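**Student:** With the hints as your guide, set chain B onto chain A.
Chains as they are written, first to last, in the working numbering: chain A, 1 to 196; chain B, 1 to 244.
Just so you know, not all the hints are guaranteed correct.
[As the list claims (entries may be wrong)] Below, in silico cross-link-like pairs of lysine-lysine (DSS-like), each with a Cα-Cα straight-line distance of 27 Å or less:
#, chain 1, residue 1, chain 2, residue 2
1, B, 50, A, 61
2, A, 152, A, 129
3, A, 61, B, 143
4, B, 50, B, 72
5, A, 155, A, 140
6, B, 81, A, 56
7, B, 136, B, 81
8, B, 81, A, 61
9, B, 51, A, 56
10, B, 58, A, 61
11, A, 61, B, 83
12, A, 70, B, 83
13, A, 70, B, 143
14, A, 70, B, 81
15, A, 70, B, 50
16, B, 72, B, 136
17, B, 83, A, 56
18, A, 166, A, 187
19, B, 58, A, 70
20, B, 143, B, 81
21, A, 129, A, 118
22, A, 82, A, 70
23, B, 72, A, 56
Rather than coming from a laboratory, the hints here were simulated on the basis of the structure. These figures come from a predicted structure and were not determined experimentally.
Here are the chains, one letter per residue:
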Amino acid sequence: MIKKIFFQSIFFNFFFLKEVFSAESGGMPQLNPEFWVSQVFWLTLTFGVLYVVLSKLILPKISANLELRKSQIQENVEAAEKQRENSESKLKEYDQIVLKSKLEAKDILKSAREKVLKDINSKKEILDKQIDEEINNAEKEIEMLRKSASGKINKIAIETSSDLIKKLIGTEVNSSSISAIVEDLSKRNGGKYYGS
Amino acid sequence: MAANPMTQFEVYRIGPEIKIGAFDISFTNASLFMVISSFAILIIFNFGSKKNSILPNKLQLLTELSYSFVSKMINDTAGSKAKPYFSFIFSLFMFVLFCNMFGMIPYTFTVTSHIIVTFVLAAFIFIGVTIIGFIKHGFGYLKLFVPSGVPIVLLPLIVVIEIISYLSRPISLSVRLFANMMAGHTMMKVFGGFVISLGIVGGWLPLSFSVALTGLEILVAFLQAYVFAILTCIYLNDALNLHH
Chain A
1 MIKKIFFQSI
11 FFNFFFLKEV
21 FSAESGGMPQ
31 LNPEFWVSQV
41 FWLTLTFGVL
51 YVVLSKLILP
61 KISANLELRK
71 SQIQENVEAA
81 EKQRENSESK
91 LKEYDQIVLK
101 SKLEAKDILK
111 SAREKVLKDI
121 NSKKEILDKQ
131 IDEEINNAEK
141 EIEMLRKSAS
151 GKINKIAIET
161 SSDLIKKLIG
171 TEVNSSSISA
181 IVEDLSKRNG
191 GKYYGS
Chain B
1 MAANPMTQFE
11 VYRIGPEIKI
21 GAFDISFTNA
31 SLFMVISSFA
41 ILIIFNFGSK
51 KNSILPNKLQ
61 LLTELSYSFV
71 SKMINDTAGS
81 KAKPYFSFIF
91 SLFMFVLFCN
101 MFGMIPYTFT
111 VTSHIIVTFV
121 LAAFIFIGVT
131 IIGFIKHGFG
141 YLKLFVPSGV
151 PIVLLPLIVV
161 IEIISYLSRP
171 ISLSVRLFAN
181 MMAGHTMMKV
191 FGGFVISLGI
201 VGGWLPLSFS
211 VALTGLEILV
221 AFLQAYVFAI
231 LTCIYLNDAL
241 NLHH
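Only chain A is shown next, with the shape it has when bound in the complex (with noise of 0.2 Å):
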């Protein structure tokens, strides 16, 4: 149906042109002046209609809005710059509190490393010291123990000595003489019983 339309248009307009090219025989038509007044009245109330509502309505209208979205976006950008503004200084201060508790950190360790060497180092001499106290003790107990250990010894073999001679002689005999014999023989072999 349309293109029926469409071919019959063409059709007319062909017959159309073709009536309106056997009335006017050559030249230019814009030279025609026949209908120069009515395109100029027309050309000035469509103009004229057209320039009037665009500048007292639309023109106003557009202007309005494009101020409006300038502003407003002006608006969200100085926003936006202030919050980033305001994050920026709120991440400083986080640094700043960050950078002061790691130094606050490093002095507590630093102070407790002082007092922990410091506690070792005052036990150590204490403990030294007991020990060489104890040391000192000892050896002098060793050499009291040494020194009284002769004697002792001394006693025992003159003890036995004279229990052995009663046995095998049966006759008492006169400790003073035993022990100078054994003093004697500690003397000659001092070496060979004590040691050191």
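**Tutor:** For chain B alone, kept in the frame of chain A given last:
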């Protein structure tokens, strides 16, 4: 059998004959396309400016882009003093552009291909600009014809040339637009006629030419509207900011 390529420029009456006094102001096909162009502009720009959202839709983007385009053009050529004439130049640019573009649709009439239409527009601009110049600068506006730094001997000749060039402005402005539109449409019609006369065998070459020409003509339609508007801006600039 090929129709005369000039028949497309024929003006014929639509409807009854209307007469005011001795003048025939009947509604013609030219008037029809003037009305269509104006209405198209008004409808597009009305709907494009109705809603204002931060993220514009397509129509709003179109109107705002053309607004800023014309605004920038005027600001660049005539400076900030030309602000009050923005709506006139905007309407002029849009009117010429839409008339040119409507002419590109087959079986339509190109309003701007008529010398009388372009001449009325150009003459209106010429007279308006001259009046603005005289209002702004008084008789100092005549200094426009006396360029600075010209030897005294040459001055009479230069002044005559300047006056002639100034007076020929409306003619050059109107003929440029009219001739461009007429030549383009005539050429397209001629190539279209070749397609018919060469038939299915040899018609392909002029047909491809015709397609290419259509693209070119759309470019020309925009360009001529732009040139028309920017020349108006330049003339306005002369009247507002007297440089000589």
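**Student:** Work down the list of hints and note, for each, if the structure agrees.
**Tutor:** Hint check results:
no. : hint            : result
1   : B:50 <-> A:61   : holds, 8 Å
2   : A:152 <-> A:129 : violated, 33 Å
3   : A:61 <-> B:143  : violated, 39 Å
4   : B:50 <-> B:72   : holds, 23 Å
5   : A:155 <-> A:140 : holds, 23 Å
6   : B:81 <-> A:56   : holds, 20 Å
7   : B:136 <-> B:81  : holds, 11 Å
8   : B:81 <-> A:61   : holds, 21 Å
9   : B:51 <-> A:56   : holds, 17 Å
10  : B:58 <-> A:61   : holds, 17 Å
11  : A:61 <-> B:83   : holds, 16 Å
12  : A:70 <-> B:83   : holds, 19 Å
13  : A:70 <-> B:143  : violated, 41 Å
14  : A:70 <-> B:81   : holds, 22 Å
15  : A:70 <-> B:50   : holds, 17 Å
16  : B:72 <-> B:136  : holds, 23 Å
17  : B:83 <-> A:56   : holds, 15 Å
18  : A:166 <-> A:187 : holds, 25 Å
19  : B:58 <-> A:70   : holds, 18 Å
20  : B:143 <-> B:81  : holds, 19 Å
21  : A:129 <-> A:118 : holds, 16 Å
22  : A:82 <-> A:70   : holds, 18 Å
23  : B:72 <-> A:56   : holds, 20 Å
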